[in-house]
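Chemist: Protein chains in written order, with the working numbering: chain A, -9 to 314; chain B, -9 to 314.
Be aware that a few hints might be false.
Pairs involving identical chains hold if they fit within one copy or between any two copies, as the list cannot separate such chains.
[Unchecked claim] Computed list of lysine-lysine pairs in BS3-like fashion (alpha-carbon distance at most 30 Å, straight line):
no. : residue 1 : residue 2
1   : LYS124    : LYS114
2   : LYS86     : LYS222
3   : LYS73     : LYS86
4   : LYS223    : LYS86
Hints listed in this document are in silico derivations from the structure and should not be mistaken for laboratory results. If you're wondering where the values come from, they're calculated on a predicted model, not measured in any experiment.
Read off the chains here:
2 protein chains.
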Amino acid sequence: MDITQLSTQLNQTLNTLRYGEQPAELYEPIRYIMSLGGKRIRPLLVLLAAKMYDDDVENVLLPAAAVEVFHNFTLMHDDIMDKAPLRRGNPTVHEKWDANTAILSGDVMLVRAYEMMLGIAPDKLGKVLQLFSKTAAEVCEGQQLDMNFERRQQVSIEEYIQMITLKTAVLLGFSLELGAILQGAPDSDAEHLKQFGDNVGIAFQLRDDLLDVYGDKDKFGKQVGGDILSDKKTFLMLTALEQANNEQLQTILDWRDKTDADTAEEKVQAITAVYDQLNIRKQTEQQIDYYFQQALYHLEAVQVPIERKATIHGLALQLMERDS
Amino acid sequence: MDITQLSTQLNQTLNTLRYGEQPAELYEPIRYIMSLGGKRIRPLLVLLAAKMYDDDVENVLLPAAAVEVFHNFTLMHDDIMDKAPLRRGNPTVHEKWDANTAILSGDVMLVRAYEMMLGIAPDKLGKVLQLFSKTAAEVCEGQQLDMNFERRQQVSIEEYIQMITLKTAVLLGFSLELGAILQGAPDSDAEHLKQFGDNVGIAFQLRDDLLDVYGDKDKFGKQVGGDILSDKKTFLMLTALEQANNEQLQTILDWRDKTDADTAEEKVQAITAVYDQLNIRKQTEQQIDYYFQQALYHLEAVQVPIERKATIHGLALQLMERDS
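Bound-form chain A, shown alone (with noise of 0.2 Å):
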């Protein structure tokens, strides 16, 4: 299977999407973020677990186009609630126009997203709206505890497991799992496809918290250390914080809201310091390898042939820059 094909597709549905057009202050912010592209993994991830019951696709790219829509209106609402100036290396919509724009306009999306739905046949359709809006709820839930946990002191590592679960890794579950209920899938396997999707979900932005610090800075695309110098609360300082001995609790908390930029080199320095003596990376790749291990486990299960799940496996493993 070719998943530049399926891209191909899909970037031709999402081009053609009508949103609306007067007033335009309320229909340009939405083709403005949606034009901003992105790497379009959700709706990709419906197409590809279609794919495994059905070659043809066609039914399964608006609903498949209406996730990476809803994925936007929550980037939307995020990027105001986490005053965000840039996304994709854009300015977001509330800099560019401003934060009544974006709510507004995230909200007409919220909408759009249900309404390109409603094409799904009537014996499914219930089903999936309700599946939809449960995840939609879990997002929304997920962005309210990644909010707390900026304002709380103590935040345990499950509750950040179950915050990026939430706020991440259930829309890519349900976006397999959708692809596989719009394509008659038997239920076992659209809820081991949800539970892989939610799997890849969690190991993929635990990856992204390990990058943060130990990614090559060319091909992350980041600054290394962001997560270091805004002091958040990812997997790896949480472990940190919870194994730390009193010298190094002190050293985090002597470098907490330090955001000096003459000082910021040291900063990341002196917190990876404490990562290395802690063995924080090998024990972040540990976490990641269990996610990841489950959600194959979950896709072993999925009673198709095996060669029918040879791209999303590909896709998973690139997702992780992985071999195997």
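Given the structure of chain A, go ahead and fit chain B onto it with the hints provided.
Modeler: Relative to chain A, chain B alone:
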């Protein structure tokens, strides 16, 4: 038909709704805004339209409640955009908590509103959600137009009517249409009830504009002249601007943007005097009457026995505070 009894049934349904529990920061604001009450006019219209076709409205209660949840979602987000400090005499969500909370809780409310529609029979679900989504997008368009008009110098009467149609009227129309569709009413009846609701909605909003200037202060419950003091482009103001001679126009422009509390009374008197000279009250009453007559025409066209229309007719008269 007993409206009080329907209201009781409706309030029972609204009181048993479960929006979610954790994180509390996400769900508490939803319970808060829903507890502030209000006339619950939209879900009541759903039930009344449904009752025209079947006395058993059990299956309509949850979709009716969904419309109220949707309406309160729009209030929560509009209040952020309008920087409103109070809602029904209580602090708005973004004041009591903060803007981020109001954004995210509102998002979940929109999701829950859709979710509450999902019990609708499969053969009707797609159609209902199509109309609901169309209406939801229109309400956002109306809010955007309202915000645009604040910044614009010139707004035509026609544009104003379009704005209030989208922002306020279409949700009333949809409410009636929803009740009819759920009880298997003929398409033409559903459409006439929709038109009835839209027109009542426009008339109701124009009456709101009128009462702000010419209302009985004690009865109306708001400060008389509030729209004048905030330079709101109401139907009265836009009509006056269109018809004013040079001197009257100068009076209006002289007072514009003057927000000094000391001269508030003088401002209201001066603008009201221009309205009086131009016979704006009478003209507004004529417009209200025009839309109300349109509404009644559509109600008449509905193919049910006249006694089945009595309650809805009575409620419309009551909303207009009219005898016939």
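Chemist: None of the hints should be skipped; say for each whether it holds.
Modeler: Each hint tested on the structure:
1. LYS124 - LYS114: So LYS124 and LYS114 pass the 30 Å test inside a copy (16 Å) and across (21 Å) alike.
2. LYS86 - LYS222: both (26 Å within a copy, 27 Å between copies)
3. LYS73 - LYS86: both (12 Å within a copy, 20 Å between copies)
4. LYS223 - LYS86: This pair counts as both: shortest intra-copy Cα distance 29 Å, inter-copy 27 Å.
When held up to the earlier numbered hints, the structure conflicts with none and fits them all.
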